[in-house]
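Engineer: The residues making up each chain are set out below.
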Amino acid sequence: MAGRVKIAQIFFIALLALIGIRAVDLQLVRPDTIISQAHKRFDHTIQLSSQRGSIYDHSGQPLAISLEVKSIAANPRLIDKPSGAASKIARALHMDQNALKKRLQSDKYFVWIKRQANPDEVAAVKALNIKGIGYYNEAKRFYPESESLANILGIVGVDGQGLEGIELLFDHALKGKPRHIEVQKDGLGRIIYARGLPSDEKKDGNTIWLTIDRRMQYIASSKLEKAVRDNKAKSGFVIITNPLTGEIYAMASYPSFNPNIGSYKHLDGHKNRGVVDVFEPGSVIKPIFVSWGVDNSVFKISQSIFCENGNFSYHRTTIRDHEGYGWLPVRDIVKYSSNIGMVKLLDPVHADVMYSCLKEFGLVGPTGLDFPGEPAALVRNPQKWTSVDKANVSFGQGFAVTGIQLITAFNALINGGMLLKPYLVEHTADASGKETQSFRPTIIRKVISEHTSDEIVGILTSVCAKGGTAEAANINNYQVFGKTGTSQKIDPLTGTYSRKDCIATFIGGVIDASGKPRLSMIVNIDEPHPYHFASIVACPVFKDIVQSCASIMDLKPSITVARKGAQDEGI
Amino acid sequence: MHSNDQVAREMDFDFIFLMTTLALLAMGTIMIFSASYFLSKELFSSPFVMMKKHLFHLVIGTVLMAGIMRMDYRRFNARPFVLLVLASAIIALVLCFVPGVGLSGGHAKRWVRIAAFSFQASELVKIALIFYLSSYLAKKSKRIDDFTYGVLPALLIVCVCALLIFIEPDFGTAATIAVWALGILFIAGMQWKHLFFICLAGLPVGVLMMILEPYRRARLFAFIDPWKDMQGIGYQIIQSMVALANGGFLGSGLGEGTQKMFFLPAPHTDFILSVLGEELGFIGVALVIILFGVWIWRGLSIALNTNDSFGFFLAASSICLIGLQAIINMGVAMSVFPTTGIALPFFSYGGSTLVTTMAISGLVLSVSRRARL
Numbered sequence: 001m002a003g004r005v006k007i008a009q010i011f012f013i014a015l016l017a018l019i020g021i022r023a024v025d026l027q028l029v030r031p032d033t034i035i036s037q038a039h040k041r042f043d044h045t046i047q048l049s050s051q052r053g054s055i056y057d058h059s060g061q062p063l064a065i066s067l068e069v070k071s072i073a074a075n076p077r078l079i080d081k082p083s084g085a086a087s088k089i090a091r092a093l094h095m096d097q098n099a100l101k102k103r104l105q106s107d108k109y110f111v112w113i114k115r116q117a118n119p120d121e122v123a124a125v126k127a128l129n130i131k132g133i134g135y136y137n138e139a140k141r142f143y144p145e146s147e148s149l150a151n152i153l154g155i156v157g158v159d160g161q162g163l164e165g166i167e168l169l170f171d172h173a174l175k176g177k178p179r180h181i182e183v184q185k186d187g188l189g190r191i192i193y194a195r196g197l198p199s200d201e202k203k204d205g206n207t208i209w210l211t212i213d214r215r216m217q218y219i220a221s222s223k224l225e226k227a228v229r230d231n232k233a234k235s236g237f238v239i240i241t242n243p244l245t246g247e248i249y250a251m252a253s254y255p256s257f258n259p260n261i262g263s264y265k266h267l268d269g270h271k272n273r274g275v276v277d278v279f280e281p282g283s284v285i286k287p288i289f290v291s292w293g294v295d296n297s298v299f300k301i302s303q304s305i306f307c308e309n310g311n312f313s314y315h316r317t318t319i320r321d322h323e324g325y326g327w328l329p330v331r332d333i334v335k336y337s338s339n340i341g342m343v344k345l346l347d348p349v350h351a352d353v354m355y356s357c358l359k360e361f362g363l364v365g366p367t368g369l370d371f372p373g374e375p376a377a378l379v380r381n382p383q384k385w386t387s388v389d390k391a392n393v394s395f396g397q398g399f400a401v402t403g404i405q406l407i408t409a410f411n412a413l414i415n416g417g418m419l420l421k422p423y424l425v426e427h428t429a430d431a432s433g434k435e436t437q438s439f440r441p442t443i444i445r446k447v448i449s450e451h452t453s454d455e456i457v458g459i460l461t462s463v464c465a466k467g468g469t470a471e472a473a474n475i476n477n478y479q480v481f482g483k484t485g486t487s488q489k490i491d492p493l494t495g496t497y498s499r500k501d502c503i504a505t506f507i508g509g510v511i512d513a514s515g516k517p518r519l520s521m522i523v524n525i526d527e528p529h530p531y532h533f534a535s536i537v538a539c540p541v542f543k544d545i546v547q548s549c550a551s552i553m554d555l556k557p558s559i560t561v562a563r564k565g566a567q568d569e570g571i
Numbered sequence: 001m002h003s004n005d006q007v008a009r010e011m012d013f014d015f016i017f018l019m020t021t022l023a024l025l026a027m028g029t030i031m032i033f034s035a036s037y038f039l040s041k042e043l044f045s046s047p048f049v050m051m052k053k054h055l056f057h058l059v060i061g062t063v064l065m066a067g068i069m070r071m072d073y074r075r076f077n078a079r080p081f082v083l084l085v086l087a088s089a090i091i092a093l094v095l096c097f098v099p100g101v102g103l104s105g106g107h108a109k110r111w112v113r114i115a116a117f118s119f120q121a122s123e124l125v126k127i128a129l130i131f132y133l134s135s136y137l138a139k140k141s142k143r144i145d146d147f148t149y150g151v152l153p154a155l156l157i158v159c160v161c162a163l164l165i166f167i168e169p170d171f172g173t174a175a176t177i178a179v180w181a182l183g184i185l186f187i188a189g190m191q192w193k194h195l196f197f198i199c200l201a202g203l204p205v206g207v208l209m210m211i212l213e214p215y216r217r218a219r220l221f222a223f224i225d226p227w228k229d230m231q232g233i234g235y236q237i238i239q240s241m242v243a244l245a246n247g248g249f250l251g252s253g254l255g256e257g258t259q260k261m262f263f264l265p266a267p268h269t270d271f272i273l274s275v276l277g278e279e280l281g282f283i284g285v286a287l288v289i290i291l292f293g294v295w296i297w298r299g300l301s302i303a304l305n306t307n308d309s310f311g312f313f314l315a316a317s318s319i320c321l322i323g324l325q326a327i328i329n330m331g332v333a334m335s336v337f338p339t340t341g342i343a344l345p346f347f348s349y350g351g352s353t354l355v356t357t358m359a360i361s362g363l364v365l366s367v368s369r370r371a372r373l
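Residue numbers (the working numbering), protein chains in the order written: chain A, 1 to 571; chain B, 1 to 373.
In short, the hints are calculated from the structure, not lab data. Take these hints with a grain of salt, some might be off.
As the list claims (entries may be wrong) - With a straight-line Cα cutoff of 20 Å, these simulated SDA-like cross-link-like pairs (lysine to any residue) come out: (1) A:LYS359 x A:GLY416; (2) A:LYS81 x B:GLY67; (3) A:LYS101 x A:GLY134; (4) B:LYS142 x A:GLY416.
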């Protein structure tokens, strides 16, 4: 027995020694490793998200606001019967039962059931009275204008991060500065200890005020939608700007999407076509070349060109006009949109010079619009132009531009020659309403003289007058000016210009009693059927929109100015 | 036998053992105050409620210990007394499951309420088994090498008690009692091969009991790699290690520990050593280990130096039981063993445990009066 007691004594001392060794290990050898490892595991940074800033139109109407909604989540470890709970919840929320079941059966401490649920859904789940279900406040972005502005504003992701459009480009400013707190959580994921105070003051996001007018935007997008549908077209866009400042009043794309329903099914509908799509401008390029030629004394506005009666053989190809013309003065080449006239007018001009003209008008590079995704326009290196290429360029084929480039160039043409940077954001303000950044009209360069600009406005007014190609755009009591363009699309199958698929463009503006151009607008309809001429497809849209916007913009009828246009036409 | 010298010695408690016991009690009381401060504030809105309860338990324990140590322990070696205690312990275990009498803490049914007192039935079982085994082995120590007549009857009684405790459920205590009883039988002179076969038969049962209950299995896995599920069951192990690591060599100072502020689960009971380790550092932990080492060594030496076998078994089984509990508790706090809820004798908060521990110490002290050291 004594021997066995000795064994017991040694056994106990050995175990105590083992514990002592462990104490040396934990307390003396590697305490720092253990502490840092535990901190790494238990410390979390939680973000107290700041309120995302709202987006307003220029008059202060809300276009994008963040509302607090409930999200439904679960702690699967607290749910007694996951499969029963899953089927009940799935029924209440019309969700896939199996996917939910899988989530609720996991051994996680936190899973989302439905984020940004509507109040009815929250009430339905609450009524089920299931243990382990939690409700969290989250911000949901809400867009009161829905489809009308979706392509400009873009969308935010479920965590409130900007994904497209203005939401993306100004994400940083809108987001604000979230607060971070270092916390420790206990075994149940509850926050049990915060290390120190919040890193710094949280800052709610800045608000953004657009140059957009909500009402004009609505008019533009609804008229555009109607036009695209009526003409069985593929898509279209409208941009309305202030030609004297470069502000964008409206920028509508069709098809669009409803940003309040988080659906990504029609990604095509997310495009802001006026900014990101390129197309061949067609005849709308003609006044630009003419103004440049006149301004640089390459030719005179009164000069006449023989238009070959509609059929002109040029370097083994035939250039045609839609009607045969004889001798036409330069102004009528624009008015009747004679391709032959343009080719002959620009024949003596070198390709490089024509290219630099396009470049001068900002048609080669991005305009610098405050919107993401603006492509460089597709104009080939002039050194590689053949004579036929050059001829095509002179009436707007063989190169591509964006809608925003075209309206920017057009504004320079009609506002006295100033190329202005287009802009969408008027100013930003912080959460307290103090202006943080303001955007003013920016002159990029002067491209033509005021005199030439006035003359061009006169010519373009005649285009919209009786007998001009854009007669359908004319509006009683206002001086309307503009230019149509119907460009053939390249058939992707044959690689040649298609006979039936065209892009119809009208670019124009209005002068009211003030004597100044009050608005400019580009209307672009892609693949209209059966009629594909801009004069039939695009001009009525312009007219329709201007008439609807007249009272909003306070356009004063001006017979005298209109008469002045008519006189120009008579000369 | 009855010389003057002998009479004088009879009143002489073993000084070292008594001092060690008092030192452990003093340290334990101080640590209870520190460890329960915030918890008591949270639960009873006064930081001193738990401390006051502990002091009350301490008074009862002291009365009991002082009474027992002055008694002649040989009077306990009476068959009717031993059987009465054993029977009441088993009845108490059964009563735990009776609604009205039994009290449940959490999902476990471990307490019995009689009049205003409630106590943990398994603590009474410990005392009863000490008496029973000591009495039984003192009588049968000559036949203990016989399995059927020596080992088996004792083993059956122990198994009944362990099983009842196991279904409370309190796996830790049941296992502790089983291992302890085997140890006593081993000290009594059980054959090595019998011990070997019992272990061989008992091991699968123990492992199965451990594996079949999900929370026990989880604790086992958490013990193997606490960092893997540090949000779940590994949490308490890691928090205990962090407490000890925070303490370092000198500790953060008495009352200065932060891990007891709801990071450590059960800072006042199962993980009181972690609180001590944080506040008193390695020095404090080493002191506790040394005190228990001296207490166990000295206690077993007392057993060795008695000249009657009942006294021998009484002291040896008492020391082994308390020693085993101390080692398991410290091992759990240091993550040497998987987590199980065994209190640290003299330190952990809890009336039944403290009073039992002190009563058992009284028994050893009583034996020490007759030991020649």
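Engineer: For each hint, tell me whether it holds in the structure or not.
Structural biologist: Hint-by-hint comparison with the structure:
1. With a CA separation close to 18 Å, the supplied pair LYS359 of chain A and GLY416 of chain A stays within the 20 Å bound.
2. Annotation: proposed proximity of LYS81 of chain A to GLY67 of chain B is violated, straight-line Cα distance about 55 Å (limit 20 Å).
3. Between LYS101 of chain A and GLY134 of chain A the alpha-carbon distance is near 17 Å, which keeps this suggested pair within the 20 Å criterion.
4. Of the pairs offered as hints, the one joining LYS142 of chain B and GLY416 of chain A is violated, with about 125 Å between alpha carbons and a cut-off of 20 Å exceeded.
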